[in-house]
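Participant: Chains as they are written, first to last, in my numbering: chain A, 1 to 195; chain B, 1 to 203.
Quick caveat, the hints were computed from the structure, so don't treat them as lab data. Computed from a prediction, not measured in an experiment: that's the story for all the values here. Backbone N, C-alpha and C define an ideal beta-carbon position, used for all residues, glycine too. Check each hint, because a few of them may be wrong.
[Unchecked claim] Here are the simulated DSS-like pairs of lysine-lysine, each with C-alpha atoms no more than 27 Å apart in a straight line:
| hint | chain 1 | residue 1 | chain 2 | residue 2 |
| --- | --- | --- | --- | --- |
| 1 | B | Lys151 | B | Lys92 |
| 2 | A | Lys18 | B | Lys35 |
| 3 | B | Lys198 | A | Lys14 |
| 4 | A | Lys14 | B | Lys183 |
| 5 | A | Lys8 | B | Lys6 |
| 6 | A | Lys14 | B | Lys92 |
| 7 | B | Lys139 | A | Lys14 |
| 8 | B | Lys70 | B | Lys35 |
| 9 | B | Lys12 | B | Lys92 |
| 10 | A | Lys18 | B | Lys38 |
| 11 | A | Lys45 | B | Lys70 |
| 12 | B | Lys6 | A | Lys28 |
| 13 | B | Lys145 | B | Lys183 |
| 14 | A | Lys14 | B | Lys78 |
[As the list claims (entries may be wrong)] Label pairs and their calculated CB-CB ranges:
| hint | chain 1 | residue 1 | chain 2 | residue 2 | range |
| --- | --- | --- | --- | --- | --- |
| 15 | A | Ala27 | B | Asn187 | 38 to 44 Å |
| 16 | B | Val76 | A | Ile67 | 57 to 63 Å |
| 17 | A | Ala27 | B | Val76 | 47 to 53 Å |
| 18 | A | Arg40 | B | Thr13 | 50 to 56 Å |
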Amino acid sequence: MGTRNIEKLLTDLKNLPKQNAPEDFEAKLLQRISSYENARSSGEKSFNNYFRLFYNPVYVPAFTIIIVALVIVYTIQRNKIDIHSQVSIEKAIPIVQEAQSEVKEPQKISVPKKKDYVVKRTKMKLDLGPGINLDETEYSLNPGATNNQFINFPFPDEPVTIRIPPPEVIFRQELERTRIPNPNKDSIKLTNGRR
Amino acid sequence: MDKIDKKLLAEKTDEELILEFQKTNSIEIYNELVKRYKDPLMNFIFKFVGSRDLAEDILQETFFRLYRNKDYYTTVAKFSTWIYTIAANLAKTELRRRNRRAFFSIHGTNSKEEGEEISEYELPDDRYRPDIQTDSNIKSEIIQKALLKVKPIYRELIILRDIQELSYEEIAEITGLKIGTVKSRINRGRARLQELLKDIYYE
């Protein structure tokens, strides 16, 4: 749709027939307003009549002070704790006695004995790679053993020996292990980047 | 201030009148404001809701609220935008209420887009076929019907701008939107209206 059509549409919108308010609109509106005013004034009147019975502007400050004073006194009385009062102590004693009598002797609780566990060592050989020889023992649990047995754990007297070959031997072995049979097939060329 | 010169009232601006009405509560001043705004507001409300009876009720409520809440008016806003805002809000509330009711009625709404309503009161009428009717009154009626099919958020702005001929600034104040939003919504609304009236405005 072109610009000409938009202009036509806008002109037609402007020329749409105007709708005016009905002739009696103002009269109806005033009628509604007067009824609203009447209702409001009658409501106000009845409220005022009741209010005047109790309300006198002369007494407002005095009344306010009395109300505030009452509130303060009430709050203080409510939160007051009279420690030295005989009455409160007399009331408190039986409660304390009752509470003391309710305290019972501590009961002995029998706890069932737990089974003790002892570690048993069995020898095993660890394979830590070429050139390393380490004798070690395996630990296992023996449910029949006692605590003393557990504490007096028989450590081996023999010293543990670890033999580590010299670095050039390790290097040679590693080289042997990683050597690829056909270097032309899958090889990693370590070349110097600079030329 | 029981008897106020009517000529003097006619010379005063809306803002002067409402401020004086706030002070004096004079019914003559109120009547002057009613006289000035009853027809433009009636036109606006009618175009927005599409029903004369409903428009009259909303118009009365608008002026009643003006009477009751006159003290809420402050000189920050123009009186015209204030009264238009009251009328627009009442119209929108009434439409929403009616749409909720129409949701359960047998007529329902036959809108395509979400938010579009209308034709809640009447069923489609074959008399208004644009290829047959050429009379300007019928055309106006078709435009009015098409206008009612546009979403209310666009319709309100189109009416205020293209029918009531208010400025973008005034519209922005009435609707509480930014001027840019007002302009873009008016364009979108016009496009939708053109689409609905493509049978009339063919090339």
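Participant: Which of the numbered hints are not met once you compare them with the structure shown?
Facilitator: 5, 9, 16, 17, 18
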